[in-house]
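From just these sequences and the hints, can you work out the full model?
2 protein chains.
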Amino acid sequence: MTPLTSAPPLPADGRRRVVVENLTPVVDGGRFPSKRIAGDSVRVEADVFADGHDRVAATLLYRHESEFPWHKVPMRPLGNDRWMADFTAERLGSYLYTVEGRIDHFVTWRADLRTRFEARQNLATDREIGALLLEATAGRAGRLDAERLRELAAALREAPDDAAALALAEEEEAAELMAIHADPELVTGDAPQLSLSVERERARFSTWYELFPRSCCRDGDNHGTFAECERLLPEIARMGFDVVYFPPIHPIGRTHRKGRNNAPAAEEEDPGSPWAIGALEGGHTAIHPELGTPEDFEHFLAAARGHGIEVALDLAFQCSPDHPYREAHPEWFRWRPDGTVQYAENPPKKYQDIIPFDFENGDWQDLWQELLDVVRFWVDCGIAIFRVDNPHTKPFAFWEWLIAAVRREHPEVIFLAEAFTRPKVMYRLAKGGFSQSYTYFSWRNTRAELEAYLRELSSAPLRDFFRPNFWPNTPDILPEILQIGGRPAFVIRLLLAATLSPSYGIYGPPFELAVDDALPGQEEYLDSEKYQLRCWNWNDPGHLRDLIARVNRIRHQHRALQTGEGLRFCASDNDQLICYTRSAGNEVLLVAVSLDPFAPQEGRVRLPLSELGLSAVEPFLVHDLLGDQKAIWHGAEHVLSFDPAALPGAVFRLHRRLRREQDFDYYFK
Amino acid sequence: MTPLTSAPPLPADGRRRVVVENLTPVVDGGRFPSKRIAGDSVRVEADVFADGHDRVAATLLYRHESEFPWHKVPMRPLGNDRWMADFTAERLGSYLYTVEGRIDHFVTWRADLRTRFEARQNLATDREIGALLLEATAGRAGRLDAERLRELAAALREAPDDAAALALAEEEEAAELMAIHADPELVTGDAPQLSLSVERERARFSTWYELFPRSCCRDGDNHGTFAECERLLPEIARMGFDVVYFPPIHPIGRTHRKGRNNAPAAEEEDPGSPWAIGALEGGHTAIHPELGTPEDFEHFLAAARGHGIEVALDLAFQCSPDHPYREAHPEWFRWRPDGTVQYAENPPKKYQDIIPFDFENGDWQDLWQELLDVVRFWVDCGIAIFRVDNPHTKPFAFWEWLIAAVRREHPEVIFLAEAFTRPKVMYRLAKGGFSQSYTYFSWRNTRAELEAYLRELSSAPLRDFFRPNFWPNTPDILPEILQIGGRPAFVIRLLLAATLSPSYGIYGPPFELAVDDALPGQEEYLDSEKYQLRCWNWNDPGHLRDLIARVNRIRHQHRALQTGEGLRFCASDNDQLICYTRSAGNEVLLVAVSLDPFAPQEGRVRLPLSELGLSAVEPFLVHDLLGDQKAIWHGAEHVLSFDPAALPGAVFRLHRRLRREQDFDYYFK
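Protein chains in written order, with numbering that gives the first Met the number 0: chain A, 0 to 668; chain B, 0 to 668.
No lab work stands behind these hints, which were simulated from the structure alone.
Accuracy of the hints is not assured; some may be wrong.
One copy or any two copies: either way a pair holds, since identical chains are not told apart in the list.
[Said to hold, decoys possible] Taking lysine to aspartate or glutamate and the EDC-like style, the derived pairs with C-alpha atoms no more than 20 Å apart in a straight line are: (1) Lys349 <-> Asp53; (2) Lys349 <-> Glu127; (3) Lys629 <-> Glu157; (4) Lys629 <-> Glu344; (5) Lys71 <-> Glu89; (6) Lys423 <-> Asp189.
In structure tokens:
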């Protein structure tokens with residue numbers, strides 16, 4: 000016989016028979032938190048089962064990181080050993096949740112008792128078994144509950160007949176007391192504790208307007224100021240934007256300053272790129288003097304708040320060669336053997352106006368702390384949204400630490416990752432804490448591309464950690480479709496961005512003015528504001544302000560456009576026509592957009608009526624929200640046609656039942 | 000300014016910039032091992048990437064649990080930040096593997112050097128940077144490598160021109176030395192260590208024959224013996240089976256013994272169910288006296304080995320009321336308040352001939368040890384395969400511990416889980432260590448059902464831990480299709496089981512004799528061997544022995560049928576016709592089976608020629624392996640027709656290129 004000694008050790012408690020597996024939501028097995036918004040109902044699911052035929056019970060445990068002990072919620076079975084419960088994530092910050100499981104001996108016994116009763120078996124012994132179960136549990140309960148459990152046991156024994164005993168056993172009080180005092184030694188509690196990062200609503204639903212404050216001068220070619228920007232706020236608010244994002248507002252370096260259209264050498268009057276941060280006047284916590292004083296900036300922030308607008312700043316963690324850090328912290332940069340600082344390079348290209356931090360330097364801890372202090376500085380000034388420039392060129396661990404550090408004190412702070420790079424890099428940044436991310440939307444133009452990309456974004460695992468922010472253009476990206484498609488292309492991309500993603504943004508005024516001049520063969524704007532002052536004509540008759548205002552008003556009025564959920568693509572027989580529904584609760588919107596900026600397009604679309612809760616036989620009211628027209632539709636198939644010269648898309652609200660009283664009112668008002 | 004003190008602690012080394020994620024194969028995030036067979040090439044993949052533009056390097060680390068240190072294999076990029084390497088799992092037992100990543104500064108520098116060279120930039124400073132990199136690494140290397148690295152640095156400085164320096168830098172020796180001596184402080188090593196359970200070939204590829212030894216009496220109605228079973232071995236071997244599995248061979252209880260057709264009371268001469276284990280003569284380590292002595296059993300085992308057959312025993316961890324455990328270990332059972340032992344029940348059904356163990360009893364540790372000793376007893380007798388009866392009615396933790404304990408001493412032991420229950424329960428048992436599992440195959444009859452089920456089994460995550468064993472029938476299951484479809488149904492189910500799963504088994508002789516008599520409205524055999532002796536006529540002219548022998552010979556001759564990989568379903572225009580290819584290396588089989596046991600069926604099937612490596616324009620040789628006929632086919636579409644009265648399916652070998660020399664030989668031989 001093989002010796003006994005070599006058996007592996009017995010588990011600590013082999014009597015914990017219940018298995019708890021496959022908890023959701025989960026990101027990378029729990030390494031990163033899932034993301035939700037304060038007030039969200041969080042649906043937690045798990046596989047919970049045991050050997051044999053005993054009934055199991057599952058409990059959701061959750062708590063805010065600052066709370067103790069756990070809140071406990073009984074879970075309910077969904078079938079196929081899947082269980083669910085939900086809780087409301089009320090507060091900003093981190094929640095923890097996990098699931099426990101146990102055999103529910105009492106409920107098992109009770110269900111068997113009923114079966115035996117119905118099979119007319121003798122229940123005497125089974126009643127005694129139940130009474131013993133109650134009494135054993137009484138031994139673990141407090142005085143009051145223990146007394147009640149013993150009373151129940153006695154009643155079970157003394158019931159005049161089996162029917163009375165069964166009725167007693169089936170009263171919920173018994174099962175509830177038995178659940179409360181279940182033997183903790185038999186509860187399976189080894190499921191992972193998962194975490195949830197809870198942010199404020201704007202982390203999910205936001206409408207961004209990017210502009211260069213130095214171009215805010217409405218008349219002439221002078222350097223714009225914060226004071227002049229203030230004059231634009233009413234117009235930006237009227238268009239429905241709630242975030243104004245400024246490129247860096249710090250002093251700009253002189254050494255190797257770039258000229259117009261990225262010329263290697265600047266002319267004397269060229270203002271340089273705002274991303275070449277740092278000069279004699281200061282670095283990342285200073286303000287470029289030509290924009291105004293810190294007081295001017297504070298005044299601007301207050302004015303924006305008055306319009307319901309938040310200001311987002313740009314975190315571009317890089318320096319011009321004139322940045323004070325170069326002298327104060329030479330160890331933070333990489334020095335070449337020839338005694339020069341390594342400037343930014345992507346060989347053979349050279350960016351001599353930028354010197355990047357060397358995150359592998361021996362003094363990295365001080366660098367991280369300093370950069371955290373930069374963020375804290377602006378948070379203390381009242382900034383709660385940051386657009387982070389090229390986060391994918393700094394270590395992932397740095398961002399995870401920095402964002403956690405900021406959120407620990409200021410859970411309201413939102414970070415948007417401007418990483419245009421490979422998907423896994425973008426997703427890792429999002430997992431590490433960025434609230435929102437730039438996306439590939441800028442290059443997804445065909446129906447197949449858009450549908451595939453949106454399906455990816457709205458499915459697990461992405462939907463739990465990656466919040467898209469769609470930008471039809473940016474100062475770095477004037478996509479080909481906008482270069483060739485004229486004004487209709489701008490409208491198409493606006494409609495798509497605004498209705499496919501709860502957060503989107505435009506870089507204006509070039510967007511509203513449908514500026515389409517690019518450097519030849521590139522996505523770069525001709526005469527880009529990145530390198531020179533521009534004066535935009537906000538009164539151009541072609542300005543898209545009214546359409547933008549209407550689109551954003553629809554977004555603000557309809558919950559269905561404020562989340563990433565509830566998106567369904569509709570079949571259509573014309574690939575130039577993309578069509579989808581957005582729904583939230585009882586609200587159903589239908590969006591149809593022609594992807595062709597050049598010619599009219601018509602197509603037959605099929606609505607998934609039953610999935611939308613709409614009747615296939617009754618008519619329903621359709622409200623064209625952009626045109627403010629109403630119609631009555633009937634059935635699943637509808638022909639839609641769009642002329643890009645007029646409006647290449649539509650947003651309809653579908654009213655589920657025409658004959659409801661409120662719909663009558665609505666229809667005839 | 001917010002105080003600095005509340006920042007979260009800095010990570011231990013924020014300079015480890017590489018991320019390693021998403022290792023595969025993986026089961027439940029590493030909680031359970033993936034499964035492979037000794038000799039398998041194990042393909043490990045991971046996402047490996049870093050911030051910025053530096054080149055990364057990834058290394059696979061693996062070792063057998065008994066080995067140290069790790070073997071290291073450089074990984075190669077697959078695109079999209081995915082990396083792969085493979086290793087051969089030579090030995091039985093457990094392997095560990097993980098992936099490390101690092102920035103490859105030297106390769107980054109070298110690639111940049113080439114780009115700069117081609118852009119005709121001055122390389123003087125870059126050569127010096129490379130030399131310094133080499134010298135810094137020399138400081139970490141042993142004497143010989145350090146000398147060589149310093150020589151290389153000097154050569155780089157002294158090269159007569161930049162072209163010569165570049166040539167030096169690009170010699171592989173430098174990169175290899177730099178990789179070997181990479182700075183361990185910058186290597187990311189926090190990826191999980193995953194494990195792999197490596198079993199012998201028969202865990203994957205096995206052909207089972209279940210029979211009741213007490214029915215082995217070829218003449219008359221006497222109780223069969225091991226000696227009589229021996230006389231059947233040549234026939235079983237000729238049919239191509241390599242595992243003979245016996246239901247329990249232990250003494251059978253008398254108390255509450257079941258009669259014929261599960262009658263509640265046995266007649267005097269009824270032998271009882273072999274699963275009612277334990278009597279005066281002994282328990283789980285004893286042999287039922289009427290079958291023979293322990294020496295007879297050993298003789299049988301040796302005879303089986305002589306035929307290349309292994310014997311599998313049944314582990315049925317339950318007792319008859321007469322089992323010696325009841326007296327010796329009353330605490331292992333559940334006692335009712337009326338002083339009786341709780342028998343098996345599924346209310347209102349009662350199984351008084353069985354008393355289950357109470358795995359929640361306070362003495363569970365001793366019970367686990369005793370059951371482990373039972374397995375060890377039979378392993379010491381030469382048994383290396385166990386079919387486990389109803390494992391889903393014992394705790395998962397128990398099986399995980401028991402299987403690990405057995406494998407620690409005897410990694411060759413194979414366990415087959417007979418759990419016919421809900422999917423998550425079956426899958427958890429497989430994750431916990433069972434080598435093979437019974438499946439839902441018995442109830443999957445239509446083409447859609449079979450294709451969906453096979454797709455599930457052959458995809459992640461199941462393919463990495465769940466090895467199916469397909470059984471067309473068992474003593475408990477005579478499926479409806481076999482009750483109504485006559486002999487053609489048996490042939491259909493045989494062909495499917497044998498070609499869809501590398502392991503399959505039949506319960507004979509009822510299978511070969513196409514026995515289809517069931518209890519009315521049930522899947523139970525009429526006059527089941529479970530409760531009475533049966534005498535089978537092995538010489539019945541309808542016996543399927545020849546077809547079975549042919550099918551199993553094809554399985555043994557073709558690697559493609561010995562793994563769960565390489566399965567592709569083919570489109571066909573007749574849903575009664577299922578058609579699939581099985582491939583391994585250069586070997587391609589095409590299997591087509593009519594699912595209709597009643598009428599001839601014809602259909603046009605389309606072969607995925609390019610996926611199979613077959614030419615769409617050249618003819619290829621087709622060998623009908625069951626009929627031993629050959630033909631030349633051409634193109635992707637072929638009409639196949641089958642008559643259930645003759646043979647309702649076919650197995651073809653497709654030879655990739657007719658004009659290869661060996662195929663000519665083959666064709667004309």
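Comparing the hints with the structure gives:
Taking the shortest Cα distances, lysine 349 and aspartate 53 sit within 20 Å of each other only across copies (16 Å), while inside one copy they are farther apart (70 Å). Proximity of lysine 349 and glutamate 127 under a CA criterion of 20 Å is satisfied inter-copy only: 19 Å between copies versus 86 Å inside one chain copy. In this homomeric assembly, lysine 629 and glutamate 157 never come within 20 Å of each other (Cα to Cα): the closest approach is 70 Å inside a single copy and 82 Å across copies. Taking the shortest alpha-carbon separations for lysine 629 and glutamate 344, neither the intra-copy value of 57 Å nor the inter-copy value of 65 Å comes in at or below 20 Å.
Only within a single protomer do lysine 71 and glutamate 89 lie at most 20 Å apart by alpha-carbon distance; the minimum there is 16 Å, versus 49 Å between protomers. In the homo-oligomer, the alpha carbons of lysine 423 and aspartate 189 lie at most 20 Å apart only across protomers (18 Å), although the nearest pairing inside one protomer, at 30 Å, exceeds that limit.
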